[in-house]
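**Q** Just add 7 to the spot in the sequence shown (first one is 1) and you have this note's numbering.
Treat the hints with care, as some may be off.
To be verified - Once the Cα atoms are required to be at most 30 Å apart in a straight line, the calculated BS3-like pairs of lysine-lysine come out as:
#, residue 1, residue 2
1, K348, K319
2, K242, K80
3, K51, K63
4, K229, K63
5, K257, K347
6, K209, K242
7, K339, K319
8, K50, K112
9, K319, K342
10, K112, K63
11, K244, K203
12, K242, K319
13, K139, K51
14, K244, K319
15, K242, K203
16, K209, K244
17, K347, K244
18, K229, K244
19, K257, K209
20, K112, K229
21, K139, K242
22, K348, K242
23, K229, K80
24, K319, K229
25, K112, K80
26, K139, K203
27, K339, K242
28, K80, K63
29, K80, K50
30, K244, K257
31, K242, K342
32, K139, K112
33, K63, K50
34, K139, K80
35, K348, K209
Said to hold, decoys possible - So the derived label-pair ranges between C-beta atoms look like this:
#, residue 1, residue 2, range
36, P351, F288, 27 to 37 Å
37, T150, Q59, 48 to 58 Å
38, V300, S118, 57 to 67 Å
39, E344, S294, 30 to 40 Å
40, L202, D352, 23 to 33 Å
It should be emphasised that the hints constitute simulated quantities derived from the structure, not laboratory data. For glycine and all other residues, C-beta sits at the position ideal for the given N, C-alpha and C.
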Amino acid sequence: MQCVAIACLTTTGFSCAHATEATSPNASGLNSDFNRDVLPVLKKHCFGCHGQQDPKGGVRLEGLSRDLLNDRKAAEVWHEVLNVVSAGEMPPEDASVMTAAETRKLTQWASSKIQQAIESLQQTDGRVVLRKMNRQEYQNTMTDLLGVDMDYARDLPPDAVSSDGFSNDGQSLRMSAFQLECYLDSARRAMDRVLKAGEAPKVFHHEFAESRNDKWISTAVKSNRLGRQQEFLAKMKEYPDEGEFVVTVKITAELIPEGGLPLLEVSVGYCPDTQILVREFEPVEVSQADEQVFEFRGQLEDFPLPVRGQGKYPGLVVRVRNVYDDGSELPKEQKDEQKKKFYPDEPHLPKLLLQSV
8 MQCVAIACLT TTGFSCAHAT EATSPNASGL NSDFNRDVLP VLKKHCFGCH
58 GQQDPKGGVR LEGLSRDLLN DRKAAEVWHE VLNVVSAGEM PPEDASVMTA
108 AETRKLTQWA SSKIQQAIES LQQTDGRVVL RKMNRQEYQN TMTDLLGVDM
158 DYARDLPPDA VSSDGFSNDG QSLRMSAFQL ECYLDSARRA MDRVLKAGEA
208 PKVFHHEFAE SRNDKWISTA VKSNRLGRQQ EFLAKMKEYP DEGEFVVTVK
258 ITAELIPEGG LPLLEVSVGY CPDTQILVRE FEPVEVSQAD EQVFEFRGQL
308 EDFPLPVRGQ GKYPGLVVRV RNVYDDGSEL PKEQKDEQKK KFYPDEPHLP
358 KLLLQSV
């Protein structure tokens with residue numbers, strides 16, 4: 008095996024060293040398999056470049072520990088060897104090619120050793136083991152602790168899934184150094200948002216009773232009466248760049264007996280030259296016809312924000328829609344005497360009537 012592909016192993020900053028073999032019921036059998044089946048393959052294809060003397064890329068396979076349980080650096084090397092051999096990246100094109108049987112012997116042995124180490128590490132042997140929270144648990148805990156609704160788990164690594172398909176299985180919730188750093192970074196960002204020194208920030212308050220009729224890039228009609236082809240737009244020229252915001256929506260509803268309920272959707276964002284960029288809150292079912300008030304809270308940092316002084320449509324926009332749809336065919340666009348676009352009413356569908364935003 009030569010240096011081209013396997014040299015990537017050196018980027019992790021480790022070197023290879025000798026260590027004792029793991030003492031497990033299957034250790035002698037695996038050693039026998041190694042000496043009989045794997046060692047000849049390594050001697051033939053690998054030790055020429057990755058032997059004792061001046062190994063290519065600083066990766067030495069000759070004499071490399073086979074105790075994957077106690078020698079983490081050696082385990083990382085064998086894992087990478089398994090990857091590059093399985094992918095056909097090693098040996099390189101200018102070296103002798105492994106036969107299918109040789110490849111199978113090497114990859115089966117490496118896979119078996121890696122799996123054995125994983126299973127051994129999963130055994131706690133009665134010891135108390137620190138488990139990390141999964142993403143959802145961390146999100147809920149931080150929200151309860153700080154009282155601020157934001158996406159704390161956004162930059163956390165994906166949760167490992169157990170063999171049973173669960174993300175909260177204890178054996179899949181071990182904490183690595185990298186994961187710990189990600190959790191700490193998330194906590195630091197949260198504390199930076201919650202704890203502010205200096206004077207209290209300026210509070211912006213805007214109220215809108217009518218939808219703006221700016222010609223956004225949208226096929227929807229701007230209106231206070233929302234079916235599935237209308238939307239309400241509220242645009243603000245003055246707004247902060249960070250901090251918590253609250254969108255309060257006062258509405259009534261036109262409900263249809265034995266029909267579906269209107270779905271109130273609120274989103275925040277802006278409109279650059281060619282595309283609408285918004286982030287939506289989770290839609291809310293409106294089950295009463297009488298006037299109701301709904302609040303939607305968020306952190307501006309988590310939503311698309313316009314670049315000040317740029318774009319054809321400057322300003323921060325709140326969009327309100329009724330996203331209920333029964334799947335029936337949409338009526339075609341029409342125009343009134345003033346050439347203004349509208350869509351025929353759909354009396355079989357529920358409507359939302361916005362009083363103010």
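**Q** Could you run down the list of hints and mark each one as holding or not?
**A** Results of checking the hints against the structure:
1. K348 / K319: OK: K348 and K319 at ~22 Å, within 30 Å.
2. K242 / K80: It is violated: about 57 Å lies between the C-alpha atoms, which goes past 30 Å.
3. K51 / K63: 16 Å, holds
4. K229 / K63: 67 Å, violated
5. K257 / K347: 27 Å, holds
6. K209 / K242: 19 Å, holds
7. K339 / K319: 28 Å, holds
8. K50 / K112: 13 Å, holds
9. K319 / K342: 26 Å, holds
10. K112 / K63: Holds, at about 23 Å.
11. K244 / K203: Holds: K244 and K203 sit about 25 Å apart, inside 30 Å.
12. K242 / K319: 13 Å, holds
13. K139 / K51: Since the Cα atoms of K139 and K51 sit roughly 44 Å apart, the hinted pair is violated (cutoff 30 Å).
14. K244 / K319: It holds: about 13 Å lies between the C-alpha atoms, which stays within 30 Å.
15. K242 / K203: 28 Å, holds
16. K209 / K244: 15 Å, holds
17. K347 / K244: Cα-Cα ~26 Å, so holds.
18. K229 / K244: Holds, at about 19 Å.
19. K257 / K209: 25 Å, holds
20. K112 / K229: The given pair, whose Cα atoms are some 68 Å apart, is violated under the 30 Å limit.
21. K139 / K242: 43 Å, violated
22. K348 / K242: 21 Å, holds
23. K229 / K80: Violated: K229 and K80 sit about 62 Å apart, past 30 Å.
24. K319 / K229: Holds, at roughly 18 Å.
25. K112 / K80: Given pair K112, K80 holds - Cα atoms ~22 Å apart, limit 30 Å.
26. K139 / K203: Holds - the C-alpha atoms of K203 and K139 are around 29 Å apart, at most 30 Å.
27. K339 / K242: 28 Å, holds
28. K80 / K63: Distance of about 17 Å is within 30 Å: holds.
29. K80 / K50: Holds, because 21 Å separates the two Cα atoms, which is no more than 30 Å.
30. K244 / K257: 22 Å, holds
31. K242 / K342: Holds - the C-alpha atoms of K342 and K242 are around 25 Å apart, at most 30 Å.
32. K139 / K112: 37 Å, violated
33. K63 / K50: 15 Å, holds
34. K139 / K80: 24 Å, holds
35. K348 / K209: 40 Å, violated
36. P351 / F288: 27 to 37 Å: 29 Å, holds
37. T150 / Q59: 48 to 58 Å: Hint holds: Cβ distance 56 Å, inside 48 to 58 Å.
38. V300 / S118: 57 to 67 Å: The hint (57 to 67 Å, Cβ to Cβ) holds, given that V300 and S118 are roughly 60 Å apart.
39. E344 / S294: 30 to 40 Å: Once the Cβ atoms are compared, 38 Å apart, the range 30 to 40 Å for S294 and E344 holds.
40. L202 / D352: 23 to 33 Å: For D352 against L202, whose Cβ atoms are near 52 Å apart, the range 23 to 33 Å is violated.
Violated hints, in rising order: 2, 4, 13, 20, 21, 23, 32, 35, 40; the structure is consistent with all others.
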